[in-house]
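Visitor: Below, each chain spelled out in residue letters.
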Amino acid sequence: MQRMNREDMAARVARDIPEGAYVNLGIGLPTKVANFLPQEREIFLQSENGLLGMGPAPAEDDIDWELINAGKQPVTLLAGGSFFHHGDSFSMMRGGHIDICVLGAFQVSVNGDLANWHTGAADAIPAVGGAMDLAVGAKQVFVMMDLLTKGGESKLVAQCSYPLTGLSCVSRVYTDVAIFDVGPAGAHVIEMVPGLTIDQLRDMTGVDLQLALEIA
Amino acid sequence: MIDKISPSLRQAVADLHDGASIMISGFGDAGAPHELMDAVIEHGATDLTIISNNAGAGETGIAALIKANRVRKVICSFPRQAASHHFDARYRAGQVELELVPQGNLAARIQAAGSGLGAIYTPTGYGTLLAEGKETREIDGRNYVLEYPIHADFALIKARAGDRWGNLVYRKVARNFGPIMAMAAKTTIAQVAEVVELGALDPEAVVTPGIFVNRLVQVAPLSVAAAA
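These protein sequence lines are chains A and B, in that order. Just so we're aligned: the first sequence equals residues 84 to 299 in the working numbering. Just so we're aligned: the second sequence equals residues 27 to 254 in the working numbering.
Here chain A stands alone, though its shape is the one from the complex (with noise of 0.2 Å):
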């Protein structure tokens, strides 16, 4: 089995963000995604901070400081992008303006319940910033992460364990070795990678899965 490393799940999730999509990516991984959003397509990216039609890092002379995306790094204004205030930009997520937001996770389970801002230990200093709008908010969340932890547990939960971001919210569910469709009709395996088998699937998380029709 030749699993996904970073770069290949990034662009695996830019070949399903079609023309014409207002799409907020999370910090961390999902950002990577805009490396590979194909070039031919004209896409909107949305940061939480207040723009709308943000281009890619500047060339070290140009950093401007208040040019900054959601992980407080510099971007780059398209041609065609704007500014507004925070109501605006969260209006746009809770208001369902934004078709794809791309998140990180803890955890997902099968019915699309979200898991990502807090371990809930003790000693956590909880934040959680845009997470639960853009999860409520989003017309279709993506959920981008490795399918085990470290310690080779399941991230693909019949229930989540930690506290949760939103409830049943994510859609899709791209990991390292497999896609899933998650939602009310429980966690369908739409790709895998080489090599693994539904079955090596199912041990390795422990949940029920089905094959999506177009791969059974």
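What the hints contain is simulated information worked out from the structure, not anything from laboratory work. Treat the numbers as computed from the prediction; the structure is a model and nothing was measured. Each hint should be verified, as a subset may be incorrect.
[To be verified] Here are a few chain A residues that sit away from chain B, every Cβ distance over 12 Å (derived from the structure):
(1) Asp-99
(2) Pro-267
(3) Val-276
[Unchecked claim] When the alpha-carbon atoms are kept at most 27 Å apart in a straight line, the in silico DSS-like pairs for lysine-lysine are as follows:
(4) B:Lys-93 <-> A:Lys-222
(5) A:Lys-238 <-> A:Lys-222
(6) A:Lys-115 <-> A:Lys-238
(7) B:Lys-30 <-> B:Lys-198
(8) B:Lys-99 <-> B:Lys-212
(9) A:Lys-115 <-> A:Lys-155
(10) B:Lys-99 <-> B:Lys-160
(11) A:Lys-155 <-> B:Lys-198
(12) A:Lys-222 <-> A:Lys-155
(13) A:Lys-155 <-> B:Lys-160
(14) B:Lys-198 <-> A:Lys-115
(15) B:Lys-99 <-> A:Lys-155
Heads up, the beta-carbon is just placed ideally off N, CA and C, and yes, glycines get one too.
Chain A is already provided as a structure; the job is to place chain B on it using the hints.
Guide: Only chain B this time, still in chain A's reference frame:
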């Protein structure tokens, strides 16, 4: 003649008081009114409630207020950052209270205050720890949480330019919470990089109309580079 320009940072914050609630704009360093926060420290007001997106990083701004032991409570969405050590230490020691609010609810509650609404129903946070104990309602098949407005005694914000009536324009993503905090506080104080004559700002492009601004103070625009 109405002239909202304060001659100095010190005079701009002169009526701060102990126990005040203060909204502070900024997302990271973009839009953070560092010079006004320095003036708050110099003023000496304490027992403050800070409403902001973050709880300070490094040694300046909100972090400096916390370090100086002026802050009783922080209402924010994202306190934990790479350099939020001053907040982290005081929070763990039980010396600073935290009300953690999802970012969009923070914005919406600030907007509700500025717009005179008694409360809002928001879908964000429904079914999570951050909605525990709160009233909920199902409206047209969707679940919402009742959240109350966040008011403040003062808002400290940063804009690019303003005139003596208080009209403001911003610069890039430094706009962030400025326009909505300006509406929600009893007294809004803006630091601007440039003061312009009445009529110099394009009325079609004014972002914050002067009705929402009580005072402006000019600060040289050096702080853009203060990202480190």
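Visitor: Could you run down the list of hints and mark each one as holding or not?
Guide: Status of each hint after checking the structure:
1. Consistency note on A:Asp-99: stated as away from chain B, and its beta-carbon is indeed over 12 Å from all of that chain's, at 25 Å minimum.
2. A cut-off of 12 Å between C-beta atoms confirms that A:Pro-267 is not in contact with chain B; the least separation is 14 Å.
3. The non-interface label for A:Val-276 is consistent with chain B: the shortest C-beta to C-beta separation is roughly 33 Å, beyond 12 Å.
4. Under the criterion of a C-alpha separation no larger than 27 Å, the hint pairing B:Lys-93 with A:Lys-222 is inconsistent with the structure, at around 42 Å.
5. The suggested pairing of A:Lys-238 with A:Lys-222 holds, with an alpha-carbon distance near 23 Å, which does not exceed 27 Å.
6. Distance hint between A:Lys-115 and A:Lys-238 is fulfilled; the C-alpha atoms sit about 21 Å from each other, no more than 27 Å.
7. Restraint check for B:Lys-30 and B:Lys-198: the C-alpha separation of about 24 Å stays at or below 27 Å, so the hint holds.
8. With a CA separation close to 19 Å, the supplied pair B:Lys-99 and B:Lys-212 stays within the 27 Å bound.
9. At most 27 Å may separate the alpha-carbon atoms for a hinted pair to count; A:Lys-115 and A:Lys-155 meet this at roughly 15 Å.
10. A C-alpha spacing of about 20 Å is found between B:Lys-99 and B:Lys-160, which places the hinted pair at or below 27 Å, so the restraint holds.
11. With a C-alpha separation of about 13 Å, the suggested pairing of A:Lys-155 with B:Lys-198 holds against the 27 Å cut-off.
12. As the CA atoms of A:Lys-222 and A:Lys-155 are separated by approximately 25 Å, the hinted pair is consistent with the 27 Å bound.
13. In summary, the hint linking A:Lys-155 to B:Lys-160 is not supported, as the alpha carbons are separated by about 32 Å, beyond the 27 Å threshold.
14. The hinted pair formed by B:Lys-198 and A:Lys-115 meets the criterion: a straight-line CA distance of about 23 Å does not exceed 27 Å.
15. Among the hinted pairs, B:Lys-99 with A:Lys-155 is consistent with the structure: their alpha-carbon atoms are about 24 Å apart, no more than 27 Å.
The structure shown violates the earlier hints numbered 4 and 13.
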